Each structure stands twice: as C-alpha cells, then as structure tokens.
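**Student:** What follows is the residue order along each chain.
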Amino acid sequence: MQGRIFSIILAFCVMLPLSGVAQRTLSILPVYHSKILSLDSVYTNSKGDAIRIETCKFYISNAMLTESLSTKGTHLDDYFLIDAFEPRTWLLGTIDTATYYTELSFNLGVDSVTSNSGALDGALDPSLGMYWTWQSGYINAKLEGSSTASNARNNQFQFHLGGYLSPYNALQKVKLNLSNKADIVLLWDIAPFFDKVDIHNNNHTMSPSANAVELSKLLASFFSIQ
Amino acid sequence: MLILSFFCFAGNLLVTQKFPSYFPKPVYALDSASDDQILLGRALFYDPILSYDNTISCASCHSPYNAFAHTDHDLSHGINDEIGTRNAPALFNLAWQKNLMWDGASNHLDVQALAPITHPGEMNESIGNIIEKLRLKYGYATLFSNAYGDNEITSKRILKALTAFQLTLISANAKYDRVQKGEEQFTAQEFSGYSLFKTHCNTCHSEPLFTNHSFANIGLAIDATLRDYGRWKVTQRPQDSLLFKVPSLRNLSYTFPYMHDGRFKKLNDVLAHYAAGIIRSETLAPELQQGIKLSSNEKADIIAFLLTLNDQEFIFNPDTKYPLGIGQSKKE
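Chains as they are written, first to last, in this note's numbering: chain A, 2 to 227; chain B, 6 to 337.
Hints listed in this document are in silico derivations from the structure and should not be mistaken for laboratory results. Just so it is clear, the structure is predicted and the values come from calculations on it, not from any experiment. Just so you know, even glycine gets a beta-carbon here, dropped at the ideal spot from N, CA and C.
Calculated cross-link-like contacts (lysine-lysine; reagent style DSS-like; alpha-carbon spacing at most 27 Å):
(1) K143(A) / K238(B)
(2) K161(B) / K143(A)
(3) K186(B) / K30(B)
(4) K48(A) / K197(A)
(5) K238(B) / K218(A)
Sample of chain A residues facing chain B (criterion: CB under 7 Å; computed from the structure):
(6) N117
(7) G119
(8) A120
(9) D122
(10) D126
(11) P127
(12) S128
(13) T134
(14) W135
(15) Q136
(16) S137
Given only the sequences and the hints, what does the whole structure look like? Please build it.
**Tutor:** Here's what the structure looks like:
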C-alpha cells in the first residue's frame, strides 16, 4: 500500500516541468484507509456496510506555509477545487526547496467574502457544479455515492456541504505541523467518515445547516501530513 | 504599444449611468461596464436561448412594458407552462440592491441569474449548455468579441454582461422625481398623500428608492398551497420566519399584482390589508402592530401620491427594449 502511494508521488514528480532545478511540491492525496480513492472500489466500513463513492470534491483555499523562527510565510493565492478522482487536481503548487516550513494552514471551503463577490472564474466558476443556484454560496465539499447502510432511494447518500452565513458557516480552518524539507503530501483519509456518520439516518444534506457544519468539521479532521 | 493601448481604451468607452443627486450611493459600480458589455447583456436578456427548450427569456417574466415585472400573473410561469411559487419582481434600480429575490437568497446581481436559469420550473437549463448553444448561434461571437476582446464564451462573461444590462435599468424620472428636482409640483391631493405616506409608509418604503431593502413580515396570511416562509428558508433563523423583501413602490401601476405571491390585484386591496387584514404573529413588523388605519379620503390621497411614482420614461426607454437584429438571426 505504501508502495502505491509512493508511485503516485513519483507520478507527480514526472508531471512537473523538467526545468533541471529540484522541485518540491505541495499536494493532496485522497485515500480510503491507505489506498488511493477509486471510483471502481466498493469499500467496507467498520460496521460492515458496503460503500461506493461516486463524487468527491472539495475546495482548498487560503493555504499558508509558515517558516520556522519567523512570522514570515508563503501564501498560495489560488482557490483549488480538488476532485478525488482527478489526479491532476491534487497538486497545489511547488514550494521553495531551501525553506524549512513548520506549519501548513488552509481553509476547507470558500470564505464568506469570496462567496459574496459575484461571478468568478477558474476553480470558482459557478458552472462547475460547486455553486448553489437557488441560494447564493459555494458548496465547500460534495460527497455522493451509495451505501447498503442508506435507507434513501437507490441506497444513495448525497452531501453538499456549504454555507457562509452565521450560525451555519461551514468553512473549516485546518492547521498541521510540518517537520522536514521534503515534499509536502497532505493525506486526506475519508474512511472514518463512514465509520462515524450514521448513513442510515443521515444520508443527505443539500443546504446550510447544523448538520452541514458538523459534517464539514468531520471532513476537516481527516487531513494529516504523510 | 502606446497606440495599441489607446485603441483599447477608445474601444471600451465607459458608460456612466445617470441617477439624481438625492439617490444614495449604489452598491454596484455603475461605470465598470462598457457599452458593448451592456449590449451583450441586453441580447442575452431577451434571448430564449437561456432556457432548455429555447422558449423562455428573462423578459418573458420581466417584461419591459411592466417595469420588468410579470403583470397579470400572480405566480410566474416557466417552460412547459410550469407554474412557479412567487410573483416575478419588477427590475429597476438594482444597483442599490445587494440581496436579490423575495427572500434575499441571491447575494449578488451576477449570480442571481443562475437561479431562474437552472430552476426546473423556470428555464431548466445549465450554464454549460447555454455556452454550447451560444457558440453555435449567429452573432454572439461578435457580441462577445466586442464586449470582452475575444470571442471566448464563459459563465463569468455571460453573468457579468447580464448584470451590466440590468444595472442600466434605472427608474428616476417619475413625477415624484421631477418634483424633487423642482421641475413640477404635486397637486393638493398628491401633497396630502405624500404627507400621509411619510407618516405611515416611509420607514420601510423609504424615499427616494421607496424601499429600505430590508425584509419584513407585514402580516399576510400563509397561503396553504405555497407554505412560503420567505427569508427563514435562507437564514434558518426563527426570527426571519415570514419575512419577505420590502419592494420598491416605484412603477406600481405597471407591476400588479402585488406581494410575493401576487395575492392582491389592486392598490386598494393592499391598503385594505394594512388597515384591517394584518395577521398577528411573533415576527410581525413592529410598525404594523396597530395596522394602518386610514379614512377613505386618506386612502385616495395616498394612492394619488403613489401614482406619482410611475416612471413613463423608464417604461418606454428604447435603450432597454428588445434589441432588434442583435444575435437574433439563426444561421446554424
């Protein structure tokens, strides 16, 4: 399994432009336990339910790398729409090889100011299926699929998690410690979601709500540095 | 390079929308779009290509001769004769409105259009499909090139152009405005109505836009078929239950029927509601706790004043009408 992850990282290195200069990357790796998420896999949670994931997308924004012994940092201005099934979306950027960073922080989702800024483009294009049309605001994270645990039609589950208005602001801040000068690989393991959430009763959320905030917190807790 | 940049500038003449000095500062910039962006937005606004079966345009429910409302329909309808759940609001002076829709569900004019475009009971279309259709339609390559410098069609460009056109819908030359500018005078009855208005209505329907852009529960009985709780659905706060946007009172003669569900056909029905029809509930506007009791003379005076808010110049402005010959001839 570790070998499989390593090969994906290797693939990233090959994807980068061969400029002759050593590159250091910041990337995300969506996994179920330690396996790369796959559209074709049927997963089994700790309760024995079968799970198939069909859509898994989320926004990463305001990413910041903090340097050791300094308040200085490197800020990634872009908004990233991560698609767990599109490896080309996993690379957040290249970073300085010489700098020793101690902390990575970012938002899971799109902040309220940006959510109030009208029509945007790039990752924030409202036609990408990550924007609510009946009520303004971005879907911070979208998780869809089916599970034997779900009592909904066709055993589906559909989580469209978002909302930027208090008290149901679903944006989550994530902070992680860094400890070396290697590539930064941000593991995101979705497996505990299906162990912790009662998919039988809680199988769809399509609007800002207390449940959307709780589930967003849960998703934000699945990040770790590899 | 200098010459090139000069031509870029010359080709992008900025339009400054005019509004009277007694209007507040707009929330959307009125000078950021070019004439060509406005023209593109106008072509899109009147083009049924925005709907799934190419039958319904924005103007279907926002008709220019009705101050861009849907007169005679209590609830607006979409493709395949689907009936909606709310009365299409009039479109004017949008530059002063941050939140759009009766419940404020849209937080920016750019993204408001996404709601009717994608609603299954309205236009039932996706932006992605609209982009494909526009690429095939004669005229739009030129319109997009003129507006944005190249003919690429994106959702942002479509939405920004619709905003640019809608921001030109400024209604500011009713008799009321000409009186403000000293060009005309109210009749005695209108003046009496104006005084009554300032006493009873101006807190929410505040001059000069005749709305304070807030949300209020005015004590309408819940329609059992619609079960519409207004702003509560957006904010999920109990204190927002039954609150709907305070609409402007300008152009009232063109925009009947009234209220979010079009339940009142006549201004007299509206005044009768405020006098004796208010249903009390926890979120009822504090200003309406006692209702608004008016004698029949006072009602007549208030209506005389309200009629001075009709802006004929706005209704018949040729610059906002169906753009003949623009992007309309199909040669696929």
